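Visitor: What follows is the residue order along each chain.
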Amino acid sequence: MHELSLVTSIVETVTETLAALPAARVVEVRLRVGALASVIPESLEFCWEIVIEGTPLEGSRLVVNMLPVVMHCAGCDADVTLDGVQSFRCPQCGSPCSEMRQGRELEIDSIEIDDGKVTA
Amino acid sequence: MTTRIVEMRRGILKKNDELAAGLRASYAEAGVLVLNLVSSPGTGKTAFLERTLRELRAKGARVAALVGDLETDNDALRLAASGAPVRQINTHGICHLDAEMIGKHIEGWAGVMLAGLDYLFIENVGNLVCPSSYDLGERIRVALLSVTEGEDKPLKYPTLFNSADAAVITKIDLSEPCAFNRELALRNINEIRPGIRIFETSAKTGTGMVEWLEYLREERAMR
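Chains as they are written, first to last, in numbering that gives the first Met the number 0: chain A, 0 to 119; chain B, 0 to 222.
Check the hints yourself; a few may be wrong.
Said to hold, decoys possible - Short, incomplete list of chain A residues facing chain B, as computed with Cβ under 8 Å:
#: 1; residue: H1
#: 2; residue: L3
#: 3; residue: T16
#: 4; residue: L43
#: 5; residue: Q85
#: 6; residue: L105
#: 7; residue: E106
#: 8; residue: D108
#: 9; residue: K116
Read the hints as simulated data drawn from the structure, not as lab findings. Model, not experiment: these values are computed from the prediction. Virtual Cβ for every residue (Gly too), placed ideally from N, Cα, C.
The shape of chain B in the complex, shown without the other chains (with noise of 0.2 Å):
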């Protein structure tokens, strides 16, 4: 027997990567910042996107989410209470948003257009290994941590954490009660992404959320 070796080279994400180049250059077209925000289950993404979308909506930014869960529309309700257009993603059972979803649910999106927002956050499935290998065509991605995680969550989920372009400390009102080690958290989302902004926030007293805020007017201002 014979055999002979066929060169492939080709991503097994390829489909993936591929739709998430289109959304990009369509977010780009539109100039609008598109922030894809991920954390394990219960970190808070949903308050701190709650309050950011209030916030933003304040000072006049016109902002819009994508939430995905397995199932169930109670983050979308929540988020909507913003006054901010929101529309739920049931991956029924996926453990990560694709591409695809997000293509699919910003076509069929009724009243809102891309080109008519400033701000478009998606709030991954909560998960901190899946949704690391999926491009969304977001220009930020955001890693949320809670305080109530623990300090080495960086160093067991390192994937993700490198492959973020802002960090999000939540839930730092309950740092005392939690004995939560703040220089060991930063050093370890230092040793695995060196150099990346952390933001170190509470949703619920706001601490933190002027630098937040001025953070997304920079990027922004930045494309």
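Only chain A is shown next, with the shape it has when bound in the complex (with noise of 0.2 Å):
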């Protein structure tokens, strides 16, 4: 969709939390993307080396997780990983699934950050 107002909003968000690391150097920034997020990965990375630059993330790397649809079939009693986005049915059973327990995530999950500090 609008990936770029998307990375806008991560780097916004990372750098917040920097305020309370004041010595910290930004390694990693992983996501978590649901398989119907309309996000595609490709474009994050590409807006990431655009957006970060003079910003305390810069030389930092962007990891998208993608996270495939999760359905609980009440057929079986049990969540179901779907193949793709394009049948909301149970892969075991058939019957259509309407409860979604997983694909819609759209978030920042962790960051990995140097303290600058040496251990021996």
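Join the two chains into one complex using the hints; note that each chain is given alone, in its own frame.
Guide: See the structure below:
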């Protein structure tokens, strides 16, 4: 969708977090993105390099972990992972599923930072 | 170099989600049923909404609409002909409405109070991708699809159809000249969103409007 504005928002959020960690250098920012979040990882990565320039995140890597859709199947009474987003049926029993457990995530999972401390 | 991991677990759209939660609470408190209409440009959202507003008003319901477009107030003028209060939101290039825009336009809306409404319709910017990620606090998200667009629209845009609470097929009067395959379209919608309520309508002839208005009435009574 509008990956540039998403990346800008990610950079702002991480920058706010860094205020409490003045000596930290960001190595990596990890995202969790559901298969139904309408986000293209390549577009995020493309925008990343442009947006982080001149910010405290300059030089960091963006890692996008894509999550498949997980539905609850009432028939099997189990959470089932879908192969794609073209059919919302249980891959085991074939019954339609309407209760989603995972798939719309669009979040910053964690950041990896270098505190600049040397451990012996 | 030693590094450490700092857990964040922060939603990227958290700001919008928080604003939407606030809006949802204010709609519930006011007792107004809010619907968010989403489709491609050209599906006929405005024509469908025009007819809906007109028919609801004829039944004595208190209705209003917010309508989003990149530019122009053409749609607001069309909808206002129904006699309902209508406010245009121009996004100036932004491809969707967000909760902040909705909040601002409700706040400064001369002569319109949420508590004085039975139904508030939000006509989103014509786009099948981005609006699906932005919660506007609505109770019902409606995905619209016209018979001229092809039966596989739900499969091409599963994000929107899967997040919808109701689906409306528009321009049903054009089914024949478009060789619209009704069964296939219904099956595709159900494949993406099993069990969703589907309305087959024509804003021109009025087909399907009775069922649609009855659904609105039931949903409003349910709150």
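Visitor: Let me make sure I understand: some of the numbered hints might not hold for this structure. Which ones are they, in numerical order?
Guide: Per hint list: 2 and 4 violated.
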